[in-house]
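Visitor: Could you build the full structure based on these sequences and the hints that come with them?
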Amino acid sequence: MKKAAVLFLIILITTPVRADDYNKLDSFGITEAGFTFSDAVNSMTDGHQIVKANEMWPKIYEIAVSEINTNLSAVSVIFALSFLLAVFSTSRHRFKGGENAAFLSVYMIITGIITSAFGEISKLGISLIQNTVLFLNSVIPILGTAIAGSAGAGVFASLSPQILIFSSLCGNLIKSIGMPAVYFSFGLSLIGNLSPHYSTASLAKVIRSTALWIVSGAVTIFSAVVSVSGMSCSSLNAAALKSAKFAVSGLVPVLGSLMTDSIEAVAGGAVVIKNIIGSAGILFIFFSVLFPVIKIASVIFIYKISSALIGTFGDKRITSVLDNMAGVLSAITGFIIACSVSCIISLSVLLGASNLGGAL
Amino acid sequence: MDIFKIVVFALPSCLLCILLRQYRPDYSFAVSIVSGIIILLYALPALSNVFKSIDSFVRKANVNTVYIKTAVKIMGLSYITQFSSEMCRDAGENALASCIEVCGKIIMLALSLPIAEALFKLTEGIIP
Amino acid sequence: MSVDLIFKIAAVGIIVAVLNQLLIKSGRDEQAMLTTLAGLIVVLGVIVREVSRLFDTIKSVFGL
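Residue numbers (this note's numbering), protein chains in the order written: chain A, 1162 to 1521; chain B, 1015 to 1142; chain C, 26 to 89.
These are calculated hints, taken from the structure and not from any lab test.
You may find that some hints are simply not true.
Here are the simulated DSSO-like cross-link-like pairs (lysine-lysine), alpha carbons at most 27 Å apart as the crow flies [as the list claims (entries may be wrong)]:
#1 B/LYS1066 <-> B/LYS1087
#2 A/LYS1465 <-> A/LYS1477
#3 B/LYS1135 <-> B/LYS1083
#4 B/LYS1019 <-> A/LYS1465
#5 A/LYS1220 <-> B/LYS1074
#6 B/LYS1119 <-> B/LYS1083
#7 B/LYS1019 <-> B/LYS1066
#8 B/LYS1119 <-> A/LYS1477
#9 A/LYS1366 <-> A/LYS1284
#10 A/LYS1284 <-> B/LYS1135
#11 A/LYS1465 <-> A/LYS1336
#12 B/LYS1074 <-> B/LYS1135
#13 C/LYS33 <-> C/LYS50
#14 A/LYS1366 <-> A/LYS1465
#15 B/LYS1087 <-> C/LYS84
#16 C/LYS84 <-> B/LYS1066
#17 C/LYS84 <-> B/LYS1074
#18 C/LYS50 <-> B/LYS1019
#19 B/LYS1119 <-> B/LYS1087
#20 B/LYS1135 <-> B/LYS1087
#21 C/LYS33 <-> B/LYS1019
#22 B/LYS1119 <-> C/LYS84
#23 A/LYS1284 <-> B/LYS1074
#24 B/LYS1083 <-> A/LYS1477
#25 B/LYS1135 <-> B/LYS1119
#26 B/LYS1087 <-> B/LYS1074
#27 B/LYS1019 <-> A/LYS1477
#28 B/LYS1135 <-> A/LYS1336
#29 B/LYS1135 <-> A/LYS1366
#30 C/LYS84 <-> B/LYS1083
Only a predicted model underlies this, so the values are computations on that prediction, with no experimental measurement involved.
Guide: So, in structure tokens, the structure goes:
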């Protein structure tokens, strides 16, 4: 116990939380809500709200509408082409080969339009997931210095490796299993619609949902593990602080009691700073993920509606292609949400576990 | 109601075809060709407005207009091939009809090759 | 819609049929064949004119 107390004193004196440490996180850029990470930290220290709920709703609406407008022109081209196809193909299917040839040329153009939209969104998704994992990996060391200032070194040492391993596991899982499965299912759905007799749409759907199940299962297991180890660690904190106080008041001859009180104050202040940094991190992750997800959701909405509308007059194969596109995009959204939820859960568990649970 | 005009025109010409078939079947074939062409000529100019508006969509959507024009060409080609092959079948020439069909398919495939090439180039760029 | 074109062709067809029967009945087979051919040529001219009109319209509508 004495050794732990001495260690704690040394750490306390030698590692202050430097203000430029979390300015480094500004390299993660401004979220579309309009604040960088240090803005969030500063606003919480000052006490005013950086994000007002009333301002957020109009912004969300604006982003969704602009995304819908951008994609609407592409979808209207698809509409016009399938309408023309329906006009020019007569109902007496004696000319099977030629009708198929006309359909193929229209289908290729539609495939080109859809593939370019899908490529943009999948690149956005991959970069978002990588950014979130990177952000988490950079916030945790900074949190570590703050936690050390409040005697939580034991908690941090036991919890953070798990968090780091599991979050990078999540990111790698999505990159190595999730994204290739999504690409494969997308390509399969495009190719399978070439022949009018059989389609690979169901196979594509199965691959997509399997990938989503695997990723969400991994995230659930990870959250459970982290929460349980967080709960079992919180008692270390209070014990360490109490023992440090008694050690100090016993060791130091004259100023022992003074130092005891100042240790309490420093530890309390450090807890406040750690909470601020942690919650700023959670806020940042949430808002940097929210707006891209809304964009992708509006694209999914457009494609679902157009697939339903084209289904009334057009070829069934075009309907199934648009349907699969919407399904694939929602799988990508599922990955993004799973990754960000796992990061938020791990941050909050870390914050909760390293609070002083009643030592003061 | 232009469809009434078309129906009122088409039914008597059918009647004439049947009438002439007993005496001179070649003239009945001529009547059916010409009446089919006149009906098409009546409806086609309305299509040019549709194509103009599709052009404006395509320009807004940043898709290369060449592809859309080629697709429209292919669709028109498929319809002409179908029309003429059915005419030949009506006249009893099934072999000639299938020759027209094969020729039409070949031309349509040849026309759609540039679109296929552009699609492959696009797909190469997507896969990381 | 030029309905008269159809009636013209039908009329030519009926006239040719009637003339054919008459000439064959009265024994002038070569002249019967000549009238048939003449009728065919007239009708062919009409058909070719209409078909070329159709193709011109298609070219202008589809922008080929």
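Visitor: When the hints from earlier in the document are held up against this structure, which numbers fail?
Guide: Violated hints (numbers, rising): 4, 18 and 27; every other hint is consistent with the structure.
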